[in-house]
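*Asks:* Chains S, L and V, in that order, give the protein sequences.
Each step along the first sequence adds one to the number in the working numbering, with nothing skipped, and position 335 is 335.
To convert a position in the second sequence, counted from 1, into the working numbering, add 342.
To convert a position in the third sequence, counted from 1, into the working numbering, add 634.
Simulated from the structure, these hints should not be mistaken for laboratory data.
Worth double-checking, as some hints may not be accurate.
As the list claims (entries may be wrong) - Computed, partial: chain L to chain V, Cβ under 8 Å:
hint, residue
1, 477
2, 488
3, 540
As the list claims (entries may be wrong) - Partial list, computed: chain S residues near chain L (C-beta under 7 Å):
hint, residue
4, 93
5, 98
6, 106
7, 110
Just so we're clear, the structure is a prediction, and the values are computed from it rather than from any experiment.
Virtual Cβ for every residue (Gly too), placed ideally from N, Cα, C.
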Amino acid sequence: MSASPEPVLTIEGLRVEFDMPFGRLVALRGASLSIRPGEIVGLVGETGSGKTLVCRSVMRLMPPRGRIVDGRITFDGRDVLAMSTRELRDFRAHDVGMVFQDPFSTLNPVLRIGNQVAETLRVNFGLKKADAQAQAVELLRDVGISDPERRALSYPHEFSGGMRQRVMIALATASQPRLLLADEPTTALDVTTQAQILDLLVKLSAARGMAVVLVSHDFGVIAQVCDRVAVMYGGHIVETGTIEQIHDGAQHPYTRGLLDSIPRLESAGRSTRLPVIPGVPPEPTQSLAGCVFRPRCRYAQPDCETVSMVLEPVSAGHETACPVRPFAGADRSFAARAGAPT
Amino acid sequence: MSTIDVLEQPAGVAERRSRLAGVLGLSREAKIGVVILAVLFLAGLLAPWIAPYGQNQLNFTDIYAPPSWAHLMGTDGAGRDVFSRTLFALRLDLAIVLLVTYPPLVLGVFVGAVAGYFGGIYDATLARIVDVTIAMPFMVLVIAVIAIVGPGVKGILIGVPLVAWALYARLARSEMLVLREQPFMLATVALGYSTPRTILRHAVPNLMRSSLIYSTLDMVANLLLLSGLAYLGLGAQPPNAELGSIIADGQSAMLTAWWVSTLPGLVVVLFGVGALLLGDGLSDGKLRGALQ
Amino acid sequence: MLSYLIRRLALAVVVLFGLLVATFFIIHLVPGDPVRIVLAGRASPATIARVRHQLGLDRPLWTQFWLYLSHTLRGNFGTSFTLDSPVAQIIGQRLGVSAALIAYGMLLSILIGVPLAIIAALRPNTWLDNSIRLGTTLTFALPGFWLGLMLALIFGLKLGWFPVAGYSGGIVGILQTLTLPALALGLGLAGVVVRTLRSSMLEVLQSEHIEATRSRGMSELRIVGRHALRLSVMATATILSINIGFLIGGTVVLEQVFQLPGLGSLLVEAVEKRDYQLVQALTLLAGAAVVLASLATDVVQAFLDPRVRLSGR
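Okay, chain S solo, but in the shape it has when bound (with noise of 0.2 Å):
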């Protein structure tokens, strides 16, 4: 293994908060990740687990009411929120590029494909532009837009869902960014769509040596284009490992319910019931002592009461937030085979 670059990205104990009128909402934790250059990092996580806004306080794109109160996120060594509004600006502009879920309206609708394209080359580069315009059509072409030169005079409505995804993957890697955050980009599109957007953003990582978080609740779409994934539960990031350390050995118990859940091949035809975390996930507003999968977790010991969420490390690469790790030893692949859950 060759000796580990710094990281392009590295978040530490991140906590947001929301105010809102009837309290105050806990969105955030206390997240720690760090992501090295190139590589394609997985996010993963249920529904309110916090995993988009991770990718919005990295970019520092808090919704309303919301604020990082605690944490560190560092970007090649600066310190992103120590930044001035220009530094800011400057930093979304050429630094990182982020992806955002609904094809469908994240493309200004009365503008057409080649100048929105064209308008981030020309402002945040200082392209003339007819230069802008040639540019935009090959950055179309890149993310395999077939006859840019004609569909880059079209308007948004015109393209299809998978179409726009990749103008809008265009648009966030205009400026070769280090980082491409993308949340969920293709939870909206079918499946054979999903697996072009995916290989695309793999190609561009490669050819690029950008890195990228790919959000997303389907453990499936994670599975085949990340190196490295992060998973997410209220809040909290509990375990981050590769992803055969992870299918194979996952160590914190909600990470193996996760992955139990999924339906799988080898148990179609057999009425086996798909099983099911009991329980459902804690509300923002609870302010919870120790291990917050606690109260669902079947291994939950008295001392998980007061442990704190810190990442330890499993092996090299893996590590887990679960202090009781009930599976140590157990090779998950060697039960899934036997079609039993563990």
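Given chain S's structure and the hints, the job is docking chains L and V onto it.
*Replies:* Just chains L and V now, with coordinates in the frame of chain S:
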């Protein structure tokens, strides 16, 4: 990548859209409206060249002549050709209508967009100012302004825009409140665009559509206001004619020379119908849900 | 609901205050000296100075505004220069005519508009509906004074059914002298009434809740009667209050057309004679009427519409 092409045909063919093609794509209603308005604007524009007689060509031998081939709309009490007078009056009135409708639109949309985008105290203040402004009945307010500055076109050019901007501001503001939640607005910030660019280049073009549609209604209302004021003698002073003043002149002779008051009025009605058809056609008839 | 009403009331007060400020400035924005303009040539500088002092124009601006505010709230609108009587009195004399005209106009717009709207909603997209809709487009495009003139020409001069100038009181007098102008007002407004009522009735008639009622065999007439009618009351009230401005503007011109001694013609006279006190008072009155009308409608709507009542909006 040819399989991708097959699977991902865009919803419509991306031809270069010319303005003409855009116009031809309008509904039938709207097209009729465009034609009517075009004819009227052209008539006004070309008045000095196509009017058969001068605006104030007196001819005391031919007083109150009924409509004929020589005088399409007859003559008035001083022998002036009503048709020619109407053309010149149309020219003046349409120019005023454009001046009091579109500059307030631009100002109003801008103010409303900014207030709606930033929200908070700016928005609250603007909303109150708009409420007070809209509370004034147009006609009374303009008359009050005319009381101050004196009769004539000046009073109208000052008075109407004073209130008109508020309507567009209100419209743009409420649309902006919805628009700013749209993902593409967030995306422009994520791309590092400055706030002025986000508002002016991205939000405003989206807001313009409904304001422009509403302006067709506004133009009609303004022309009606204008003619009413001219009728009252508070508009352009003689020898300049406005449609309303021609109608007023003919009132005393209505029994014997109905054409002087009636026919110019029909021109006003025609304008109204044209503008309304256009507005309705563009908005699928949802335009006049709430009248000002 | 109480909180909603209080907020609405507070808003109305703010707007009224804004109106007071705006109308106050009417006199003060006149280029030059208003008193000199009005009395021009007929008075010595001493007289002019005296009148100015009487009107308080030589005091500081703040004091003047305070005087204006306190006088107005007590119903003292000053004295008209040209007519030499208290403004309040003059207005009081002519208020009845205009009020009658507006009320009569509203009544006619309802009588004409509501049945047409119901018919249009019951037979949507037929030639009947389309011609009604075309008719409403036409009435909106008609200038009120022109319509008044045409009505006067046809029904007054040619057919002789109504007088075309002047006003007489009493029920018969009103019917005689105000019918034509009220008709001009009413027809203009009827267009809006038909449009709005028709579309809200269509919405209701096509809603699923009504489908359910229909499927239980209730006759179309009963459906219209029970549901549509209640809707009409609410919708019409809203329309009328929104269009008070239009009605006021309409009376100004129509009183000229038909030579009616109301507030509208008073305003025009006042402008021509540069009687700023009158202009000020009438403008304030008109603005206040609009504010109060919309406040009243909001209150009534709050009582009628359970959604507003319960949620407190």
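*Asks:* The structure should be examined with respect to each hint, and the outcome stated for every one.
*Replies:* Verification of the hints:
The interface hint given for residue 477 of chain L is met, as the beta carbon of that residue sits about 5 Å from the closest beta carbon of chain V, less than 8 Å. For residue 488 of chain L, the interface hint holds, since its Cβ comes within 8 Å of a Cβ in chain V; the closest pair sits about 6 Å apart. Taking 8 Å as the C-beta cut-off, the interface hint given for residue 540 of chain L is violated, the closest approach to chain V being about 31 Å. Of the supplied interface hints, the one on residue 93 of chain S holds, with its beta-carbon coming within about 3 Å of a beta-carbon of chain L, less than 7 Å.
For the restraint placing residue 98 of chain S at the interface with chain L, the shortest Cβ-Cβ distance is roughly 5 Å, inside the 7 Å limit, so the hint holds. Residue-level restraint check for residue 106 of chain S holds (minimum Cβ-Cβ distance to chain L is 4 Å; threshold 7 Å). Contact between residue 110 of chain S and chain L, as hinted, is supported at the beta carbon level, the nearest pair being about 5 Å apart and thus within 7 Å.
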